[in-house]
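Trainee: Based on the hints, put chain B in the right spot on chain A.
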Amino acid sequence: MILILEQLLNGLQYGVMLFLMAAGLTLIFGIMGVINLAHGSLFMVGAYAGTLAAAQAGNFWIGIPVAIVAAGVAGLVVEAVVIRRLYARDHLDQVLATFALLLIANQGVTYFIGRQPVPANIPAALASPIELLPGLIYPPYRLVIIAAGLLVALGLYWLINRTRIGMLVRAGATNREMVRALGVDIRLLYTVVFGLGALLAGLAGYLSGPISAVQVGMGEQVLLATFVVVVVGGVGSIRGAFWAGILLGVVDTMLRAFLPGLLRQVMPASEADALGIGIASMGIYLLMALVLLIRPKGLFVAGR
Amino acid sequence: MEKRKTLGLALGLAVLLAMPWLMETFGSSSALSLASRILVYSIAAASLNLVLGYGGMISLGHAAFFGMGGYAVGILYAHNGGDPFLGLIPGSNHLLVTLPAAMLLGGAVAALIGALSLRTSGVQFIMITLAFAQMLFFFFVSLKAYGGEDGIIIRRPNEFFGLNLRDRTTVWYVVLGFWLAFMLVLWRVIGSSFGAVLKGMKQNERRMAAMGLAPYRYKLYAFILSGMGAGLAGALMANLMRFTSPDMLHWTKSATLMTMVILGGVGTFFGPLLGAAAYLILETWLGGLTEYWQFWLGLILLAVVLGTKGGLVALVAGLWARLTGGARP
Chain A
1 MILILEQLLN
11 GLQYGVMLFL
21 MAAGLTLIFG
31 IMGVINLAHG
41 SLFMVGAYAG
51 TLAAAQAGNF
61 WIGIPVAIVA
71 AGVAGLVVEA
81 VVIRRLYARD
91 HLDQVLATFA
101 LLLIANQGVT
111 YFIGRQPVPA
121 NIPAALASPI
131 ELLPGLIYPP
141 YRLVIIAAGL
151 LVALGLYWLI
161 NRTRIGMLVR
171 AGATNREMVR
181 ALGVDIRLLY
191 TVVFGLGALL
201 AGLAGYLSGP
211 ISAVQVGMGE
221 QVLLATFVVV
231 VVGGVGSIRG
241 AFWAGILLGV
251 VDTMLRAFLP
261 GLLRQVMPAS
271 EADALGIGIA
281 SMGIYLLMAL
291 VLLIRPKGLF
301 VAGR
Chain B
1001 MEKRKTLGLA
1011 LGLAVLLAMP
1021 WLMETFGSSS
1031 ALSLASRILV
1041 YSIAAASLNL
1051 VLGYGGMISL
1061 GHAAFFGMGG
1071 YAVGILYAHN
1081 GGDPFLGLIP
1091 GSNHLLVTLP
1101 AAMLLGGAVA
1111 ALIGALSLRT
1121 SGVQFIMITL
1131 AFAQMLFFFF
1141 VSLKAYGGED
1151 GIIIRRPNEF
1161 FGLNLRDRTT
1171 VWYVVLGFWL
1181 AFMLVLWRVI
1191 GSSFGAVLKG
1201 MKQNERRMAA
1211 MGLAPYRYKL
1221 YAFILSGMGA
1231 GLAGALMANL
1241 MRFTSPDMLH
1251 WTKSATLMTM
1261 VILGGVGTFF
1271 GPLLGAAAYL
1281 ILETWLGGLT
1291 EYWQFWLGLI
1301 LLAVVLGTKG
1311 GLVALVAGLW
1321 ARLTGGARP
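From first to last, the protein sequence lines are chains A and B.
Counting along the first sequence from 1, when you hit position 193 you're at 193 in my numbering, and nothing is skipped either side.
For my numbering, add 1000 to where a residue sits in the second sequence, where the first one is 1.
Honestly, I wouldn't trust all of these hints.
Ranges of calculated distance between the beta carbons of each label pair, as one might list FRET restraints [stated by the list, open to error]:
{"id": "1", "chain 1": "A", "residue 1": "I62", "chain 2": "B", "residue 2": "T1252", "range": "32 to 40 Å"}
{"id": "2", "chain 1": "B", "residue 1": "E1283", "chain 2": "A", "residue 2": "L5", "range": "47 to 55 Å"}
{"id": "3", "chain 1": "A", "residue 1": "E177", "chain 2": "B", "residue 2": "T1170", "range": "54 to 62 Å"}
Hints in this document: simulated from the structure, not taken from any laboratory.
Positions of the beta carbon are idealized from the N, C-alpha and C atoms, including for glycine.
Only chain B is shown next, with the shape it has when bound in the complex:
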């Protein structure tokens, strides 16, 4: 089993590394942009999955952190070479500055929202996270200094070791690098004792409390980590699209991220990647076929939720088990 896993991972990595060549040969070159977007969204979805899938905190406000990441890049870009932001922070267009800034901002906002929201649970938690995200959404809509509803256009993507971040292939490898680093860290987090506590909280919070572990603090840490991840994704997305707007903060974006997690499989490591891929490919494919693609997307979502338990990962695992004649995991 262990051997097979290693083989699978190596195969997956090879496919990812060969993606530009694969797309050149079998797909169109615009498909590579789609693939980059899938990786970026999967970072956001995997961050949400950390709190939602492993920690059992159903946050309907992750667009907030995603959007903060985007705005970190946008605002730093707008101040680049001009007045410092708030008279203190100089602008920048270096990826190695903007990404950490985005993660810091995402984490800080998550700390604030999480510290307040985690005092509630259940339906109230879903709604209060939604409420905070909506507040940020309306705040940025009304913020005329940074484009208001229209957002900020980032004319030139960030600098990164002199690479040309307009070239699709270069962008792919840069995004892939960040994605791999993120997934590695996430893997370590989930496998750590912290990850074990988090999973325990989901199963039985009271028992964990009885073991002397303070649920609130652990959940808050997870929430902050998750916010940092979503911020990273937002910053990368702003660079990919060369644009940031309140749209990134809208509550339907939170629902989209949640959809990706559920499509892929809640609480599975590669589920968010599969979910993001499925969602974005469906969106692109249906969008090309009909103007009313959301209708069909809705039907497919409904079928997945009602028909499968555990999303695509469970579906694939089930099929795999049937093919190889083994028992379902």
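Chain A with its partners taken away, still in its complex shape:
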């Protein structure tokens, strides 16, 4: 029981992380109609910039603003130089151009920083596990991530539903052409949305550094999972991204934690572990296929 609770929390933490990534990606999808394979690279940029800055300053918290600013600036530059030219193109060109960006980012980081993973440290105050419930000992750092993710979710909820920018964003996700026809400076809106997505990705990258590893290619793994979240949640829907993120985070974590053990009951241990992890990795994709077959547009459709 304790084990299940612990894994549930882990799943929630992973889900919140996915939400941070998916929130930006779903807006970029939904509003600009751009498929951005380079979103994982912004995640990586945030992780590297934050981790290196934190190591330099010897203070974990310094890393957060650095990661956000670095990823945000990188996002704005990418938007101005490349993405802006892709709005009118079809998905094919977008996939290829952003795939090229992904290659450039990965190799650039390899060239300047190297292939070795950069060590990322948990702040000293959060290093020792605490007892949440009797018997449930849990690392507080993961709790901080969950809290940060929920805070961002609340902030986005306020931004999207209560402000003028949010109104434009919602309108853009529902009908892009109409917003433009009404005289809104859609270019500025695009830039704002892309920058917002980028800095959220940077934050997610930095926060997940100590848990996974800060290395080249860290972006792709989370990128594919994020795409699944976006599509399951419904393209353009922040609410969908939130619930789908948590759902997939929990499902993925649970499968990874418990499936090998279950398979061991029926087959030899080494094969059970390999097969269990394999099937667990397939889990979220299977879930997505199921959701799309029942609801081809995802769980929450923007603007309906």
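Mentor: Structure of chain B alone, referenced to chain A:
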């Protein structure tokens, strides 16, 4: 115009037939292996082009069919002379058995994935094809019986009429034979009424439906054909490399195939060949110059996507038109 086309085709065929001699004289002998790989990849890219360029279905999961072709060869090889696969299918190392098996498997998997994926469209279609390919990737990674992450080493290439499939020149002519047969079939498919319907679907699906043609069924047929072609390419590749691994199923392989199609020119007949050649030559050349070749590849890709509309075929056609003073096609 017709005459010039025939002349061009004859010239191209002559170059292909003389390739071993050309490579011997002007290039290095390893360049011939590269040329064989280009032909094999161009089969996969042309298959993708059938659904992507002619049918307008943006599949980011074609590595699945490519990889299934490779695994068909690998698994049949692993069972050759031993226990039958799943207790039913005896292993084999004859090219005339493994290639049809690979095409059958590629087509069957494409039928399954296509039947489900084609219920969606747009971004969702891209993502669901990617998802299915990733599922297969993880499945084969976890399949310890067939090497898991390490894949299957095929120590001896398949038998084919007693030819030595280790000899580069022999391999070239065998691959060229299959390539020509494939391109001929593809030409017939694209020129058929089926091809016309497919192109119509890309332009205006609703209108085709209004004409009484069921889009879903036609798209599915195209998807299956495409899967068979990619399976064939995968099987040939497994023979060339004497190796098959989950790498063939990885999503970056799908992106690579897509890159070849776009580099060459979407929806053009010889575009995938040009694209595959450009990509693999760039990869080899840049890889020899620097460890960070993907960086430069990325920059070149970006320039091609942002700078040209229609890929290399359009570029060549434009240059040709400028040289001859004719109008752009």
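Trainee: For each hint, tell me whether it holds in the structure or not.
Mentor: Results of checking the hints against the structure:
1. A/I62 to B/T1252: 32 to 40 Å: This hint holds: roughly 35 Å between Cβ atoms.
2. B/E1283 to A/L5: 47 to 55 Å: Cβ of B/E1283 to Cβ of A/L5: about 49 Å, so the range 47 to 55 Å holds.
3. A/E177 to B/T1170: 54 to 62 Å: 58 Å, holds
Hint check: no violations occur; every hint is consistent with the structure.
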